[in-house]
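**Student:** Just so you know, the protein sequences line up as chains A and B, in that order. Under the numbering used here, the first residue of the first sequence carries the number 1, and numbering increases by one thereafter. Under the numbering used here, the first residue of the second sequence carries the number 1, and numbering increases by one thereafter.
Hints are supplied without guarantee of correctness; some may be wrong.
Claimed, not checked - 25 Å max Cα-Cα, derived SDA-like pairs, lysine to any residue: (1) B:Lys185 to A:Leu72; (2) B:Lys39 to A:Gly76; (3) B:Lys206 to A:Arg68; (4) B:Lys185 to A:Gly76; (5) B:Lys39 to A:Leu72; (6) B:Lys59 to A:Ala43; (7) B:Lys206 to A:Val58; (8) B:Lys43 to A:Thr51; (9) B:Lys34 to A:Glu71; (10) B:Lys39 to A:Glu6; (11) B:Lys284 to A:Asp89; (12) B:Lys50 to A:Gln19; (13) B:Lys50 to A:Glu91; (14) B:Lys43 to A:Ser7; (15) B:Lys264 to B:Arg307; (16) B:Lys43 to A:Asn10; (17) B:Lys185 to A:Val58.
If you're looking for bench data, these hints aren't it; they were derived computationally from the structure.
Letter by letter, the chains look like this.
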Amino acid sequence: MKFEQESWLNERYELSLAQLCELSGLSEAELRGLVDCGAIAPADPLAREWTFSSDRLVVARSAHRLRRDFELDLQGLALAVTLLERVRDLEGQLRELRAWIPGGSR
Amino acid sequence: MPYRRRGYNAARMKYKDYYAVMGVERNASPEQIKSAYRKLARKYHPDVSKEPNAEERFKEIGEAYETLKDPQKRAAYDRLGSHRPGEEFRPPPGWETQFGEGQFHFGDGQFSFEDLDLSDLFSGIMGGRRGGGAGAKVRMPGQDYEVTAHISLEEAYRGTEVDLDLQVPEHDEHGFPRRVQRSFKARIPKGATDGQRLRLAGKGGKGANGGRDGDLYLNIALRPHRLFRVSGHDLFLDLPLAPWEAVLGTTVEVPTLGGSVKLKIPAGTRAGQQLRLAGRGLPKPHSGEGDLFAIAQIAVPSAAGERERALYKELAGVSTFNPRGHFVEEEVK
């Protein structure tokens, strides 16, 4: 897969495991560990070679920073990443609900 | 890896008080420093913090901790003496020979500390440099930059270009670390919405020794709009209607990002009802558009004239409409 010079990080593009490691700074062992813990999901977990939707790059980069800056072990990192994703999802839902409320603010 | 220096006599740089940044005393133990870092990191780490200045604060904290956690770096820092934050100062004579451990080369009379940031100095002399100076053969990828681009809804709709000014660490041709102001022009294609990330490949820091160039990541933040609210690529607009417009139905002009359009209001429109204008939302990155939802609101004039009041009274007399009928039904149950 070749990235255009500007690309939205969304489900349209897929990254290989090696690409996701290179772009996020995570080692292959760390990334595989996060997949095993369910913190980052490949597009098809049963595929012989995993690929990841490019929006997972946001999560993987965040995981790399958290591991480096908090010196987290893999279990703690997986937990932090999962909870942060949940917070982001909920914030997204809150934004959506606010948009639907007449007179609601962002 | 060797560092050379130019004109040591002119050596000046701005002082940063790493102990004050960490909120510890100068004689704090390594445990106290670590504990302070952990507390501050939990508060200001950009991935977990909601503090408005989190990114900037965490950068300061990380920089201070990098130096103070390493006994050698801390000793070198302490030898710089204590100054006021921001004060220009000069490392004491012999400092670089004591702490540079042969990594400084003197002789070409060219090197100056003037452009140096304190953090670059410490990462350079102690940890080995990150760029491609003489002797460095390891492939080093360029640094990734991540910035938030605040754009208007109109800019997201059309696509836009943003000018970004970043202070970034770089190395000159001799391998000297320095902080430079870099200006970027980044194109944001249409399709942006709040919270979306755009990756601009190769627009980050330069790689060294064949390493790839870093990337620039733009976090898109939409500025609040006076009329529209955003959910994904859909837009929401409050549509005030006069009571008679809602009852009788009408056609009204509705603003959209692509210009006004006419919208038919069916007779009997209720407050809160959503009228969908398909494809009038934000464009999606590759194809299609979101929708615009006009949410009907019944607006009542704040002051009604005598004639209007008379007509409302007449209406009240003839109408059998009971908007609270369901209250009664609930009570019966």
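**Student:** If you draw a straight line from the CA of B:Lys43 to the CA of A:Ser7, is it 25 Å or shorter?
**Tutor:** violated, 32 Å
**Student:** Has the given pair, B:Lys264 with B:Arg307, been kept, meaning a C-alpha gap of at most 25 Å?
**Tutor:** violated, 28 Å
**Student:** Would the hint linking B:Lys50 and A:Gln19 be met if the CA-CA limit is 25 Å?
**Tutor:** violated, 30 Å
**Student:** Please work out if B:Lys39 and A:Gly76 have their alpha carbons no farther apart than 25 Å.
**Tutor:** Satisfied, since the Cα-Cα distance of roughly 17 Å is no more than 25 Å.
**Student:** Has the given pair, B:Lys59 with A:Ala43, been kept, meaning a C-alpha gap of at most 25 Å?
**Tutor:** violated, 34 Å
**Student:** Given the hint that B:Lys185 pairs with A:Val58, test it: the Cα-Cα distance must not exceed 25 Å.
**Tutor:** Satisfied, since the Cα-Cα distance of roughly 22 Å is no more than 25 Å.
**Student:** Would you check the hint for B:Lys34 and A:Glu71, treating anything up to 25 Å between C-alpha atoms as holding?
**Tutor:** holds, 11 Å
**Student:** So if I understand the rule, the pair passes when the alpha-carbon distance is 25 Å or less; does B:Lys43 with A:Asn10 pass?
**Tutor:** The hint is violated at about 29 Å.
**Student:** Check whether the Cα positions of B:Lys206 and A:Val58 lie no farther apart than 25 Å.
**Tutor:** holds, 21 Å
**Student:** Measure nothing beyond the straight line between the CA atoms of B:Lys39 and A:Glu6; if it is 25 Å or shorter, mark the hint as holding.
**Tutor:** violated, 37 Å
**Student:** Given the hinted pair B:Lys185 and A:Leu72, is their Cα-Cα distance within 25 Å?
**Tutor:** violated, 36 Å
**Student:** Would you check the hint for B:Lys39 and A:Leu72, treating anything up to 25 Å between C-alpha atoms as holding?
**Tutor:** holds, 14 Å
In summary, the structure is inconsistent with hints 1, 4, 6, 8, 10, 12, 14, 15 and 16 from the numbered list given earlier, while agreeing with the others.
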